[in-house]
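**Student:** Chains P and G are the protein sequences, given in the same order. At position 321 of the first sequence (counting the first as 1) the number is 321 in my numbering, and the numbers step up by one without a gap. At position 382 of the second sequence (counting the first as 1) the number is 382 in my numbering, and the numbers step up by one without a gap.
Treat the hints as calculated values from the structure; they're not laboratory data. Please note that the accuracy of each hint is not assured.
Identical chains blur together in the list; that is why a pair holds if it fits in one copy or across any two.
With a Cα cut of at most 25 Å, we get these calculated DSS-like pairs of lysine-lysine [said to hold, decoys possible]:
(1) Lys198 / Lys167
(2) Lys150 / Lys167
(3) Lys320 / Lys198
(4) Lys198 / Lys149
(5) Lys290 / Lys25
(6) Lys320 / Lys25
(7) Lys25 / Lys146
(8) Lys290 / Lys167
(9) Lys290 / Lys146
(10) Lys25 / Lys198
(11) Lys290 / Lys149
(12) Lys320 / Lys286
(13) Lys167 / Lys149
Number of protein chains: 2
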Amino acid sequence: MTNLQTPQALYQYPKSREAFERALKVIPSGVYGHTGPSGGVMIPREAYPFFSSRAEGTRFWDLDGNEFIDYMCGYGPNVLGYRDPDVDAAARKQANLEDVVSVPSSIMVDFAELLVDTVASADWAFFAKNGGDATTLAIMTARAAKNRKKIVFVKGFYHGVAPWTQKLDYPGVLEEEVANNLTVPFNDLEALRATLEKHSGEIAALIAQPYMHLNFADNVLPQEAYWPAVRALCDEFDVLLIIDDVRAGFRVDMAGSDHYYGFTADMICFCKALANGYNVSALCGKEDLKDVVSSITYTGSYWMSAVPFAAGIATINKLKELDAPTLFARLGSRLTDGLVTAARAHDFTLVASGHPALFYLRLADDDSLMLNQEWVGECVKRGVFLTSHHNHFINAALTDDDIDITVNVANEAFSVLRSRHPLWS
Amino acid sequence: MTNLQTPQALYQYPKSREAFERALKVIPSGVYGHTGPSGGVMIPREAYPFFSSRAEGTRFWDLDGNEFIDYMCGYGPNVLGYRDPDVDAAARKQANLEDVVSVPSSIMVDFAELLVDTVASADWAFFAKNGGDATTLAIMTARAAKNRKKIVFVKGFYHGVAPWTQKLDYPGVLEEEVANNLTVPFNDLEALRATLEKHSGEIAALIAQPYMHLNFADNVLPQEAYWPAVRALCDEFDVLLIIDDVRAGFRVDMAGSDHYYGFTADMICFCKALANGYNVSALCGKEDLKDVVSSITYTGSYWMSAVPFAAGIATINKLKELDAPTLFARLGSRLTDGLVTAARAHDFTLVASGHPALFYLRLADDDSLMLNQEWVGECVKRGVFLTSHHNHFINAALTDDDIDITVNVANEAFSVLRSRHPLWS
Chain P
1 MTNLQTPQAL YQYPKSREAF ERALKVIPSG VYGHTGPSGG VMIPREAYPF
51 FSSRAEGTRF WDLDGNEFID YMCGYGPNVL GYRDPDVDAA ARKQANLEDV
101 VSVPSSIMVD FAELLVDTVA SADWAFFAKN GGDATTLAIM TARAAKNRKK
151 IVFVKGFYHG VAPWTQKLDY PGVLEEEVAN NLTVPFNDLE ALRATLEKHS
201 GEIAALIAQP YMHLNFADNV LPQEAYWPAV RALCDEFDVL LIIDDVRAGF
251 RVDMAGSDHY YGFTADMICF CKALANGYNV SALCGKEDLK DVVSSITYTG
301 SYWMSAVPFA AGIATINKLK ELDAPTLFAR LGSRLTDGLV TAARAHDFTL
351 VASGHPALFY LRLADDDSLM LNQEWVGECV KRGVFLTSHH NHFINAALTD
401 DDIDITVNVA NEAFSVLRSR HPLWS
Chain G
1 MTNLQTPQAL YQYPKSREAF ERALKVIPSG VYGHTGPSGG VMIPREAYPF
51 FSSRAEGTRF WDLDGNEFID YMCGYGPNVL GYRDPDVDAA ARKQANLEDV
101 VSVPSSIMVD FAELLVDTVA SADWAFFAKN GGDATTLAIM TARAAKNRKK
151 IVFVKGFYHG VAPWTQKLDY PGVLEEEVAN NLTVPFNDLE ALRATLEKHS
201 GEIAALIAQP YMHLNFADNV LPQEAYWPAV RALCDEFDVL LIIDDVRAGF
251 RVDMAGSDHY YGFTADMICF CKALANGYNV SALCGKEDLK DVVSSITYTG
301 SYWMSAVPFA AGIATINKLK ELDAPTLFAR LGSRLTDGLV TAARAHDFTL
351 VASGHPALFY LRLADDDSLM LNQEWVGECV KRGVFLTSHH NHFINAALTD
401 DDIDITVNVA NEAFSVLRSR HPLWS
């Protein structure tokens, strides 16, 4: 079926390295941000395929022709499989009509109606380009709605790269921009109540991921009844509740991750899984905020781009037809069970955390994460693209056969690890 | 050639109105931002085609099938003509390989190399999605590079919708976010020097459009030698000079609007004309800032999207082959000359300002802009899409025949205006 099934020479990356040398000359860091070898998946450099050349289904091929089963899914956007034929056909049909025009296509209305029908907490939808466009609009809307400055974040948060959501010690960020940020620990209702009481009348909103899909740490699910209690606290203190579903959205629950955890957000942010990679994000929210959203000065050059709307409609409809969240949970559980078992066969303890559709992996007794990184490197050099510090993503093109191949590769990688570290325990 | 050449019934918009009623239910404002009937082109409601259905070359067709020669060009992105065959072929070819993948396509490097070759002040390129992504990164980079907070803006500025570049009285904006913003008048070197002296050692950067393409006001070109003097002042006070070329970029000069005006920016922001509507923006800059850019935490879900890179390469190459800025200047001048003459024939004074590629129109003796708005409405109802308060855009698909049709329509609209306002002078 693929070259992954048989023992093979380990992957080499001469063409990717050559392209990276070119990149270093004309692009800051060569490849910046989360897809780069530095800020990225923390795969050891010698195992890192810096550039891709094509992708299909659950796989991509790098510039040297090496084939990978990809569990990063473009860091989320690949939710149906790369180059899904139904989504691409819808996008092509729209591209043959129009994309960015001086007035929008009415397909924007169709897409908004579909999200309002699909997402439990959505009475309206506002489209932009980045997840951060949606989280920023949510924060500005909350501040305008409540005429208050402070925002409560959950410790370990990530809501994009806008200055208001960065950390004070990050380069280019002003203390003024983060001066109104408060943080509370996750799953700690007492700490939340204390913060809401201490700053009563000053807090516009609480913004949080539906569960803590952290980097460099086990992912943490909400405790039973945590979210309904948070919702009640927000209501008690007249604070808006914003859910950042950019990463988990439509993988956990088609009606929104707030729906999955039994509560209703005031506003919810989507991006990654919204259109299978076509460039669009969305802020959805409750009716009573619609006029306030309208009052915010907020627009962008490509926000009415019609092709991503067409792709988004096809993506959401297909995810619903597939009952994708159920599929993702089954595939993710089967995979992580197989990986944990493979580790155990070589006397390693692999810890899988988070929702199975977005599983996070860590090796026990490896505080520096270097053993995990080494194992990931061995998997990548054998055609399984994993990360050592970020959650992974399941897509709908992944098959049970792919999972079997993956577990075999993982097993071989653990075997190599054990031979190198015979005394590790 | 088109129905625009012969007298016709005025356009009606029943299908667009019906779609807008649907939109009002599920989208804040129905259509938000610059393409909406409220924040948008300020065309009278009864003349406004709310939604488009297809576009080609210099024209789009609305939901009711009405055909328009479009001088808004999607507010800039349409630089070669809607659905340009060469750009679309390059994009389709890339889409058949891959778009958003876990590691970027090496076509990102090709695009960065092309921009470095094309743009005089570019030693590197960083890609994102919104013009505002580029301006925000430039500001963060300047603050990190200089370890200073303050930014000098030019009065009347627009650099996107991020909180740092909004106004204090805009909803959702905190005083803290704009507390470090200083403003100086355009074309006023003494005021700039005074500000730089007063805040010496506190200012990280000056950010400015290459000339003032304001809304609701005549556009203002730089005085002779203004920019080289600004450059010298920035050097004297160790302040970085950032040019926001999001709107004018590649329409005025392929090497950057700073090159056109005889100076070199430290960083320059591009978006609209970069890829003929495919969703990509770029920050380019000088070598000595590359490492600082790399230090900023800055990334986005779709920033490595390969299809817009392919479209961008095809767009820039075709613009260079066409010597597009020269073409735009010729077409823009011919058009505005024709419109001014048509106005004069009916005893109106039409004032065209700004660069001809991005001409701004205003009727004299019309401080409320209502007469201008009425004239624009009459043009739109006859198939010429203009705006009453924003600069327009020329694209490379525009022909001399299109301009003749436009001038005829404008002439008829002025005739209607004169019959309604016989005493206006």
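**Student:** Tell me, please, which holds for Lys198 and Lys149 at an alpha-carbon limit of 25 Å: within, between, both or neither?
**Tutor:** within (14 Å within a copy, 30 Å between copies)
**Student:** Please work out whether the CA atoms of Lys290 and Lys149 approach to 25 Å or closer within one copy, between two copies, in both situations, or in neither?
**Tutor:** Answer is within; shortest intra-copy Cα gap is 20 Å, inter-copy 34 Å.
**Student:** Is it within a copy, between copies, both, or neither that the alpha carbon of Lys290 lies no farther than 25 Å from that of Lys146?
**Tutor:** Answer is within; shortest intra-copy Cα gap is 14 Å, inter-copy 41 Å.
**Student:** Evaluate Lys150 and Lys167 at a C-alpha cut-off of 25 Å and name the case that applies: within, between, both or neither.
**Tutor:** both (15 Å within a copy, 19 Å between copies)
**Student:** Have a look at Lys25 and Lys146 and pick one of within, between, both or neither, based on CA distance no larger than 25 Å.
**Tutor:** between (48 Å within a copy, 23 Å between copies)
**Student:** How would you label the pair Lys320, Lys286 (within, between, both, or neither) given a Cα cut-off of 25 Å?
**Tutor:** Within. Shortest intra-copy distance 22 Å satisfies the 25 Å Cα cut-off; inter-copy 48 Å does not.
**Student:** With 25 Å as the alpha-carbon cut-off, assign the pair Lys320 and Lys198 to within, between, both or neither.
**Tutor:** Neither, since 43 Å and 61 Å both go past 25 Å.
**Student:** For the identical chains here, do Lys290 and Lys25 meet the 25 Å Cα criterion within one copy, between copies, both, or neither?
**Tutor:** between (46 Å within a copy, 10 Å between copies)
**Student:** How would you classify Lys198 and Lys167 at a CA-CA limit of 25 Å: within, between, both, or neither?
**Tutor:** within (22 Å within a copy, 30 Å between copies)
**Student:** Classify it for me, Lys25 with Lys198: is the Cα-Cα distance of at most 25 Å met within a copy, between copies, both or neither?
**Tutor:** Neither way: Lys25 and Lys198 sit 51 Å apart in one copy and 38 Å across, limit 25 Å.
**Student:** Since the copies are identical, ignore which copy is meant and state whether Lys320 and Lys25 lie within 25 Å (CA to CA) inside a copy, between copies, both or neither.
**Tutor:** between (45 Å within a copy, 23 Å between copies)
**Student:** Have a look at Lys290 and Lys167 and pick one of within, between, both or neither, based on CA distance no larger than 25 Å.
**Tutor:** between (30 Å within a copy, 22 Å between copies)
Violation of the numbered hints given earlier is confined to hints 3 and 10; the remaining hints are satisfied by the structure.
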